[in-house]
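K.L.:
Letter by letter, the chains look like this.
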Amino acid sequence: MFYSFHTMVILASLFIAVFALFLFFTLKGKIEQLKWLLIIGLPMFFLGILAQETGWAVAEVGRQPWAIQDMLPVSIARTNLDTGTVATTFFMFVVLFTVLLIAEVKIMITQIKKGPEEVK
Amino acid sequence: MIGNLDLVTLQEFWWILIATLGALFLFLNFVQGGQTLLFDVAKTEDEKTLIVNSLGRKWELTFSTLVVFGGSIFAAFPKLYSTSFGGAYWVWTLILFSFIVQAVSYEYRKKPNNFLGQKGYEIFLLINGVVGVLLIGTAVGTFFTGANFKLNDYSFVTWTHSLRGLEAAFNYFNVSLGLFLVFNARVLGSQYLLNNLDFNSAPKLEGRLRKSAGMNFLIELIFLLVVLVSLLFMSGYGVAGSGQVELVSYKFANNLIANPLNIILLLAGLGLVIWSVYITKFKDANNGIWFGGAGTVLVGLVVFFLVGYNGSCIYPSLTHPQSSLTIYNASSTHYTLTVMTYVAFLIPFVIAYVVYVWRAMDLKKLSLDDLKEKAY
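Residue numbers (the working numbering), protein chains in the order written: chain A, 640 to 759; chain B, 885 to 1260.
In isolation and in its complexed conformation, chain A is listed as follows (with noise of 0.2 angstroms):
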């Protein structure tokens, strides 16, 4: 959880920090010349997905042993689907969202192939 807590907070000392310089030469309309910039803000795409699970952790692990403070713990508040439930359904979502995900990507990759619709 220490390691959960800190990496989020550095994320989102980051984010706000890369903002602020987007946000900065956006208004001075030079945003689209500073190559190094832009290929800085490519990578926050998936920090952003990092910062999400690391706070995540640190809801879900902080919490314990309480699902709501000093009134309901965890061990009587999870669910008592059986380990075959709880599994199929694991699986079930991974092929759904991989089969997803499998689209998203191809129809990514078509579109960045053609590139940009020509401005009229």
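Note that these hints are calculated values from the structure, not bench results. You can take every hint at face value.
Over 12 angstroms on every C-beta distance to chain A, these chain B residues come out as not near it, computed from the model:
| id | residue |
| --- | --- |
| 1 | M885 |
| 2 | G887 |
| 3 | I902 |
| 4 | D930 |
| 5 | E944 |
| 6 | S948 |
| 7 | S956 |
| 8 | F1233 |
Simulated crosslink set (DSS-like; lysine-lysine; CA at most 25 angstroms straight-line):
| id | chain 1 | residue 1 | chain 2 | residue 2 |
| --- | --- | --- | --- | --- |
| 9 | B | K932 | B | K1165 |
| 10 | B | K995 | A | K752 |
| 11 | A | K753 | B | K1258 |
| 12 | A | K752 | B | K1258 |
| 13 | A | K752 | B | K994 |
| 14 | B | K1003 | A | K753 |
| 15 | B | K994 | A | K745 |
| 16 | B | K1256 | B | K1088 |
| 17 | B | K1256 | A | K753 |
| 18 | B | K1003 | A | K745 |
| 19 | A | K745 | B | K1256 |
| 20 | A | K753 | B | K995 |
Fair warning: this is a prediction, and the values are worked out from it, not measured in the lab. We treat Cβ as the ideally placed atom computed from N, Cα and C, and that holds for glycine.
Use these hints to put chain B onto chain A, whose structure you have.
P.N.:
Showing chain B alone in chain A's frame:
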């Protein structure tokens, strides 16, 4: 002001709000019904594209109403939410999946290199329109017929059937209610498309939609009769004077008679639906959706009112009747309901926004010319 109301008043008021949201969702199921028309009413590629793009402008309204409906149950009647969603697990999981595939289908269907092909996404829309609505109908049916659960002292649900909710699909009443909703959605879908499309670019589609409204209404009528006749004669769980839950003969017939408003709403609702189909089929009217939609909302309200009031159970337990839920033992606290009632004052603004957006989208009827540059 609201805080001075007693808990029972707030509980009954919130069940009216839940009923309203549920009834509105049933009306907005015209999107799901319209999706199923892709496979029989639409005969050409252009007609399919017209239908998908017309429905694609509205699907989020249905989806967000479903989310608000679920969210309101979570907040106002958390015990109902946790018992049903946590217990009848497979029904709700399959409903969830049917809505996941719907959401992506509108976006991906016409995109080049979309992996599953146009047909794949159209099948997803069909699954959402048939399986999704059918399962929602069977889940609502268990409000009348009961479900297999038991609650312990912590309100923790134990489901006593291995199918975890799917067993509801083997009850004739639940299935009839589900199929009624499926075919009602198809009637509404036909009426909506008649109202929304410009048929100059697809002249033959109009006649097929009118025929579809009539045919689906006739099929819907069969399942409606099964549901209504069953409701009049079936027993239902109710809370006796002693506080014990017991099976009561003619429970729903008694509930109907106990509050004449139920009878008025039911008759008015059915009358509006019949009128909507009549003017759609025989008068070439394009505004049938408004009468059909209003009728569906009124009938939907009665469905929820019948299980909510007059000492009835909103979620009866077949396994352990004393675990059955009513609007009184399943609700949030007085404090939560009070706060939420203040929040609910925002609802008219949300509805006004929906009306505004709807009107803006429908200023001009959709034609193929509108889809030349960008179609989904």
